[in-house]
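Student: Residue strings, one per chain:
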Amino acid sequence: MRLLEIDDLQTHFFTSGGVVKAVDGVSYGVDRGEVLAVVGESGSGKSVTGLSVMGLIDAPGRVVGGSIRFQGREIANLRSAEMRRLRGARIAMIFQDPMMTLNPVLRIDTQMVETILAHQDMGRAEAWAKARDTLGRVGIPSPDERMRAWPHQFSGGMRQRVAIAIALLNKPDLIIADEPTTALDVTIQAQILHLMQGLVEQDGTGLVWITHDLSVVAGFADRVAVMYAGEIVEAARTDDLIDAPRHPYSRGLIGSVPSRNRRGARLAQIPGGAPPALDRPEGCRFAPRCSFRTHGCEKLQVLRDGVRCWRAGDLPPFAAALTGTAS
Amino acid sequence: MVYVIRRLLQALFLALVMSFLVFAGIFAVGNPVDILIDPDATQAERARLIAQLGLDRPFHQQYFIFLGNVLQGDFGNSFVYNRPALGLILERMPATLELAFAAIMIAVVLGIPLGLYAGLRHGSVGSQAIMAGSILGFSVPNFWQAIILIMVFSVALGWFPVSGRGEVGEFLGIRSSLFTLNGLHHIALPAINLAVGHLALVIRLARSGTREVQAQDFIRFARAKGLSESRIVLVHILRNILIPIVTLVGMSFGGLIAFAVVTETIFAWPGMGKLIIDSIRLLDRPVVVAYLIVIVVIFIILNLLVDLLYSLIDPRIRLDGARQ
Ligand SMILES: Nc1ncnc2c1ncn2[C@@H]1O[C@H](COP(=O)(O)OP(=O)(O)O)[C@@H](O)[C@H]1O
Ligand SMILES: [Mg+2]
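In order, the protein sequences belong to chains A and B.
Under numbering that gives the first Met the number 0, think of the first position of the first sequence as 0, with each following residue one higher.
Under numbering that gives the first Met the number 0, think of the first position of the second sequence as 0, with each following residue one higher.
Just so you know, these hints were derived from the structure itself, not from any lab.
Careful: at least some of the hints might be erroneous.
[Unchecked claim] Distance windows between CB atoms, simulated:
#1 A:Arg-303 x B:Pro-314: 52 to 58 Å
#2 A:Glu-281 x B:Thr-246: 34 to 40 Å
#3 A:Leu-299 x B:Val-124: 40 to 46 Å
#4 B:Ile-134 x A:Arg-303: 42 to 48 Å
#5 B:Pro-314 x A:His-193: 26 to 32 Å
#6 A:Glu-144 x B:Pro-112: 35 to 41 Å
#7 A:Ala-80 x B:Ala-267: 24 to 30 Å
#8 B:Arg-5 x A:Ser-154: 40 to 46 Å
[Said to hold, decoys possible] Sample of chain A residues at the chain B side, in silico, Cβ under 7 Å:
#9 Met-53
#10 Arg-86
#11 Phe-94
#12 Thr-100
#13 Leu-101
#14 Asn-102
#15 Thr-114
#16 Leu-116
#17 Ala-117
#18 Met-121
#19 Trp-149
Quick reminder that beta carbons are idealized off the backbone N, C-alpha and C, glycines included.
Based on the sequences and whatever the hints tell you, model everything.
Tutor: Next up, the structure:
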């Protein structure tokens, strides 16, 4: 039994302009102690997938199909009281902008202690001590003092550490981290990445790491799911994906990452932009930007053997393809 | 501390400027001698009185004499009552303060929950009804509301007295009609009348604040922590929307005191507003001057309190002005 298993998830937004199929048949899973990276350009539906798991999709959005099983239990349409018991306790989430995720008018200890008391029967003093210990665990110096500080007295990186500490408070089985390092400096990014890696290793927590930046994935994630326009286009072990991406979009993503062995080579940008959510092409959604497009790509594409491209088997080896897209 | 001292100095300077404006304004209005002196008085008597009142001196000298007297708490005697003007005003102040206080309490205690509800259930029937009501509260003139209130609740239903202030009780050394049943009975209608406009404002502020705060990431994070809906609303949202509401309350409290005139007149409420209207009508200059200065001081004190309250609610505003 997997820790989290999403199957054919459909999350749609019923807007005045039409139905935005933000998540359109997404499936992925995570095991205990495993790190899954969900990669894709902005707008591909990564956050909406994560929020669907948390039961945090607000009107006009709704999970309209598919299943989300957590520890074998279906949670896609759980009653709100039961979902609340899971949120922040068994499944925690960290968000992108650490400047915005802490309430500016509440002290750090208030925001931590309330998280414990929402889920555990515990005295306030005990909860406070536990929160302080967790703050120390995420590498915040003199946690006793910092507990009494206000969010604006922390730097961005330190705030993200506080958010991580809050996520850890109730020893969750799964953490969904939605671009937690995107808003931070590169050096801080590396620190946070390192911290998270250590923490999930120690606790055996499953981690879904959402990012639009493939470069952070190598050496960190066990597996990668690549999302494009509301769908998974490729899912593979990290090493396999980086060495031999099979979907043209994955190839493009990897080709656009600066890397040591290709130093000096021109970085390939995927031409064009993602299709608007309300006007996606029939068949392969990536086709308009794909350099391997041929007759037949207008057919509906299914995820077969971990890749959503009917030509995946016929494409030239990756290195050759790289120069192909770059030209 | 530096901050408090700086604010106090600013307040003092402001008070000084206002005293000058008030004095200059009154000076420009006309010569009080015309009212004070018997038209049949001889030229000599006239000149003697002018000298006695100091009205023959140049403007700046008059101002400094006035300022000196004011600093000693002497605003002169009322022409009408022949008693110290300041004493007259301070006598009426409790009645006005309690009326304004009751009105603010009504506006806040009803306005915040209604605005929160309207913001959280945006688009619902209840929310739309509240917003429609608040527009009504804004647009119906105060005096007209007062008359309707009296006609419906005093005359037709007979639930409340038509006018006047009730018995005064004492609690913790404060004397107020809010402490007796009879007093509450009397203050209900005028307080509601005074509150309606501000109630509408508080509702609107609370609603727009709620909608704004609700969309913030930290609310989403609070929900991701598994907090109960009531904790999110009553702690996370409320604490944030209180900032603009505290400003409004502080600012409008001064306004309520200064402009309770209409309500006090209609309900025959024995407060400062009614006194000032009578004094203006009778050209009782010392009372008018004293009233204006008192109002200025009240405004300054309220501003100061609002700023201090701010720093309690919003940690980003530090009293010492330092940012860490
Ligand atoms: N509240 C909403 N109303 C309408 N559309 C939305 C809403 N939230 C997200 N979407 C749409 O869902 C799609 C996916 O968004 P998101 O999951 O945030 O992308 P990502 O996290 O991959 O950058 C986007 O096209 C966006 O327009
Ligand atoms: Mg996102």
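Student: Can you list which hints this structure breaks, lowest number first?
Tutor: Those not satisfied are hints 2, 4, 7, 8, 16, 18.
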